[in-house]
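Chains A and B, in that order, are what the protein sequence lines are.
Per my numbering, the very first residue in the first sequence carries number 1; after that it's consecutive.
Per my numbering, the very first residue in the second sequence carries number 1; after that it's consecutive.
Simulated from the structure, these hints should not be mistaken for laboratory data.
These figures come from a predicted structure and were not determined experimentally.
It is possible that some hints are incorrect.
If you want the ones that stay clear, here's a sample from chain A, every Cβ over 12 angstroms from chain B, calculated [as the list claims (entries may be wrong)]:
1. Pro49
2. Lys89
3. Ala109
4. Ile144
5. Asn146
6. Thr161
7. Glu211
8. Val216
9. Gln218
10. Pro259
11. Tyr268
12. Val278
13. Asp417
14. Arg422
15. Val423
16. Arg455
Rough simulated footprint, nothing fancy, chain A against chain B, three-plus residues with beta-carbon under 8 angstroms [as the list claims (entries may be wrong)]:
17. 176-188
18. 658-664
19. 844-854
From the three backbone atoms N, C-alpha and C, an ideal C-beta is built for every residue, glycine too.
One-letter residues, chain by chain:
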Amino acid sequence: MNPWPDRFAPASLSRRGFLRTTAAMLGSLAVPAPPRRGPDHGAGPHFTPRAKNVVFVLLLGAPSQVDLFDPKPELARIDGKPMPDSLVKGQAVDQLKGRNLVAAGSRFAFHRRGQCGMELGELLPHLGQHADRLALVRSMTSTIINHPPAQSMLTTGAGETGRPSCGSWVSYALGSQNRDLPTFATMVSGVPQGEPPPPVHLWANGFLPGEHHGVVLQGGAEAVRFLDNQPGSSRTGRRAQLDALQALDRMRQQAHLDPATDDRVAAYELAYRMQERVPEAVRLQSETPAVLELYGAEPGVASFAANCLMARRLVERGVRFVQLIDDGWDHHAQLVRNLRRKAGEVDRPLGALLTDLQRSGLLDETLVVIAGEFGRTPMNQGGQGGDRYGRDHHGKCFSIVLAGAGVRGGTVVGATDELGYRVVADPFTAHDLQATMLHLLGFDHERLVFRHRGRDFRLTDVHGRVMRQALA
Amino acid sequence: MPIALSLWLLVATATSQQPEHWSLRPPVRPPVPAVRQTAWPRGDLDRFVLAALERAGLAPAPEADRATLLRRLTLDLTGLPPTPEELAAFLDDRAPEAYERTVDRLLASTAHGERMAQVWLDLARYTDTNGFDFDSDRQQWAWRDWVVRAFAEDMPYDRFTREQIAGDLLPDATLAQRVATGFHRNHAVTLQIDGQPGEFHHQYVADRTATFATTWLGLSIGCAECHDHKFDPISQRDYYALYAFWNRMPEKGLEQGGNAAPFLQLPSAEQGAALLELQGELDGVERRCDQELRARATAFADWCAGRVAAPMPDADVLWHEPLDGARSGVAELGGIGVGTWIAGLRGGAVHLDGHDACVHTNHHLELRADAAFTVSAWIRLTDDGRSRGGAIVGKVDEAAKGRGWSLTVDDLRLAVTLTGGQRDSLRVEARDRFAFDKWYHVAFCYDGSRQTRGLSLFVDGAAAAVRDTPASPAAKVPEQPLAGDLDNEGALRIGSLDGRPFCGAIDEVRVHGRSLTATELAAVVDLDLAALAKTSTGEHQALLQRHFAARGPAELVALATERATLRARLHELLDAVPRVSVAAEMAMPRPTHVLLRGDYQRPGERVEPAIPAVFGALPADAPRNRLGLARWLVDKDNPLVARVHVNRLWRTFFGQGLVETPDDFGTRGERPSHPELLDWLAREFVDSGFRHRRTVKLLVTSATYRQSSVVPAAVRAADPDNRRLGRASRWRLDAEMLRDQALAVAGLLDRKAFGPPVMPWQPEDLWPTVSPPDERHRRGVYVAQKRSVPFVTFRLFDAPGRETCVARRDRTTTPLQALALFNDRNFAEAARALAERLLAGESDDAARLRLGFTLCVQREPDTAERRVLLDLLADQRDAFRADPELAVAAATVGDAPPRLGLEPLEVAAWTAVTGVLLNLDEMLVRP
């Protein structure tokens, strides 16, 4: 009763077909294909991909585009004065509700960078060195201005939770390049002390099969959940256990003849290899002092810098989708001080990541995206003038950065009005960004679907258009 | 759209005269087919299966051996493995009805209710938290327990349906019937105060509608939220007509934490008796208070007259905001809610509507942590059905982790919070709750000591009893002096701070530059009362009487104190009474409109509650509400309800449904593999009165169910997915069963049923606080379902996140699962406990191994298996002998107390062996 001929939905469309092939070709951590699984391999991309890997940097809390990416001299000129009613009258704001809306010009200088002359804030000198490799999109918009649903929108294409995250979609669509490591890895930094960690749905598989769930790599002692043996279990002891386990499972398989046992045996072996390979992949001690210095990373110390360096190591090892989540960008007050600190934490590592990927040629096949969930107001929050201004949530415009595979370097896409209040050219949304990511990976976002509860779901819902202006 | 596709669509539309979709026609009992192999079928069910096999030239598999059958049955029906005793009894019982007796025993257990509930909870997206940003706790377990009981007690499915859909609307609805409707309140609710209520409310109703449709109708109708779809039997108008049934609950789009209203309170028998008794005592004291007051009318009049307008006591007032509206000059109304200037105790006061209205003030005031000060105000709370207080006054920097100070009413209790920074705050909360619609004078004093004990609360000029630290253990902060200071960038505000809008009136806010004594505070109160006594027109008599009682003659004071104590005890008791959110119908139902493109801001045509047109219409005399809907569902000719449920049962006991898309019986779903069998089962189910046990028994006593899952490779290859049912399917157990089984064989499982959820150990970064050790070994169905931070091992084994209704779980195989089964402390602990059990239970290695095998996989090891494990044991003994410290670590892993009298070396070596047993492929599957 499926009215859709299979060829119109190439990435494994019938549920049954999918289940047959899943372990063979799709799983981020799926076991190697047992021979019985037939010739279903290779329902690959829809067209030749430009990118093989993605590093998706999420700056949670929404960094201020007005102070980092989108210079507004006119805003500085009317600093401290009311915003024109023509712009702000009757528009939704978050915590500024009921307050006077006063312009707050940025205290940060902007400089022209690279051959292209892209203007970037003074807090991003290292990123600025790569200006000719960046596509800076100044015309992003979000209809949601609360953090959790907006973050969910950015990662899963829906404000409500329960949908698969983009990494999971990519894992589902592409499969693994490395049998010993996950396809979709996510790392978290910058969570303010005492605050809860970012919610799991930012890397969850939603309704996609479980193997597409993002694997959290942690900066602490245990790089992957339950990777470390319990006290009292040594590696040699585990080997002996696994040998016995495999022997017993194989003997029993003679009796029950279930080929699925092959999958389970393989999974245990893969787990054992992961116990060795994952720590190796995340062990920064093996990097040269020069590289550590480049990133500003210190082995054994959890940081965004360490995560960036790990991202390069993972991409090198064939991890398809690396999601770096840096929290702590919600600067309602004391923005100058806070933004200086946060930008200081990420600028150098981001510059280093691009330098490093570029040096090794990996940047040609790796898409790097840097984005927050929405923007910040050009208006002041908190009633404090001078350097103590803050900014509220803002969805009418914000900026994101693309670099690497398939990206047209040295490009500024879109524009905002002279006060940086709203987009005036080429508006884009999270769905457009997601469509663009999939496009660079060789997928038509309208054809990458998964049937769930009778409906064909897409990452981009019913929206999304590729941001061609940003692409080479 | 590609040309080929659009052509194809055109052709399809043109040629099909819409033959009605199979699932939309009522099931008709089909004739039972004739079969050749007449000895095999045990009943008509088997004849349908066999006929199909024979048509395909296939034969059924032989019956599985008895041990396998018992393992299969026990896991399928209870989610637990059989015990060695149950196994021995079953193997010994050669009577022909032994199998049936076992089925009856298992079906009659609470464990069966727990196992079936697991399936239902996935559909109902049951959780113990509210979801969205704050993911605060809710109490919904009373509904979960209702489900467990319903299955355990063989509630017929029609009743099960009727009560969950419309229990509250049944004539003389019992408490349990109203609890049943909690099904529809399991969706996430948001607590944010600054979202769009309409948007969230629409999400709740849409979620309810979709969940209802998937659970009972097996239809996925979410597509119709935005527009009509070709081939889809449900139009957009149908969708909103169904939506209308779920759009009539008295609820808000934005909630306040805890249980979203409407909810029930469910006192235990003891709680109920205690509540009644307290209420009686309280009534008595109130009556005596009234009598005493009446008897002292003259004294009261004198007292009032004595409140002469004294000059303001020397109270170092740093700031006084009289809240007299425009006259005060410095205060300004703001926020998105509505604030109004009203008549107050002295001049005006401000009334705030609980929707984030507030009073801004330009007064510059910076309080410091090392200085003493006092803050006081008059308040009167208004009950708007959701607010229970809010911020009275404070100066807080939301962006700096709440640094600052605030005086608030939280859940009707006065509270003061001083915050220096992240996890650096002092907080004191009053024990007693305020009543609505009464004026109170409230204050806190701080002595500049940076200590909690330096904070005190006053109500009506008297020190207020302080409450112990709030219940949530996660919020518990060790008693530490305040480290940071209080000065901050936030604005001094009255009525709303950090998303806590006040609902009610506020008057005469004062900040004093030192810690006032009780006498001084009483003088401040008197000052305002004096003004009141002079001008009062009777409106404030009650207030004056209360103060007279509290500070007048000794007898009255004693009575007032007793009354306050009784009230506090009553509230305390009410707090301890569990709640459950339930469905209810608005007196004046909200109108429902078709929402254009699913946008809640674009209402179109108005619709009334109705079933989708493809099913006809509700009978003329049926109520147009959930009750009418429920009756239609359980009508004997409803085409979907019975089919969907028997298909679900089939999937539960055969591994996959006769319809492989249990959530989609629509035109885009899979067609049934055995359509006649499905219809026959549906008719059997309905015609026998929707009986649960009878239907399950029909399935699991069939020859089809009892087949072996072992077949030669060639037979398997002929039907790799076992769609023809020529053998039993073998599949990996569900997440909760894996844990339950490990705990059961280790002897750790706590079979206590029902009650609040428990939090077993999981990594500290996920759940910093867990249940006490003696509550950690309950079954998985009782493990807390926290939406934002789920129990991670369950998620690794494909347990759904419970964000939406899920009708089928995946069964993946991943290395993360292998890591969890060895290294999750819960499983490592189970391995150790199993090792101890074997060591304590048997005296030689061979016997221990036999016991271990019997516990885990219900058979004895063969020679080769024994050799492998004894070799491992010897190897591990050597290894641990060489490293005694490692042995001690292995012998004490987990939280369960070690069994006394066992050698650590032996426990360690055996733990390596039991770790293998717990990971056996045979252990992880239902055979």
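Status of the hints after comparison with the structure:
no., hint, in the structure
1, Pro49, "holds (21 angstroms)"
2, Lys89, "holds (15 angstroms)"
3, Ala109, "holds (24 angstroms)"
4, Ile144, "violated (9 angstroms)"
5, Asn146, "violated (6 angstroms)"
6, Thr161, "violated (5 angstroms)"
7, Glu211, "violated (5 angstroms)"
8, Val216, "violated (10 angstroms)"
9, Gln218, "violated (8 angstroms)"
10, Pro259, "violated (8 angstroms)"
11, Tyr268, "violated (4 angstroms)"
12, Val278, "violated (10 angstroms)"
13, Asp417, "holds (25 angstroms)"
14, Arg422, "holds (20 angstroms)"
15, Val423, "holds (21 angstroms)"
16, Arg455, "violated (5 angstroms)"
17, 176-188, "violated (count 1)"
18, 658-664, "holds (count 4)"
19, 844-854, "violated (count 0)"
When the structure is compared with the earlier hints, violations turn up for hints 4, 5, 6, 7, 8, 9, 10, 11, 12, 16, 17 and 19 and for no others.
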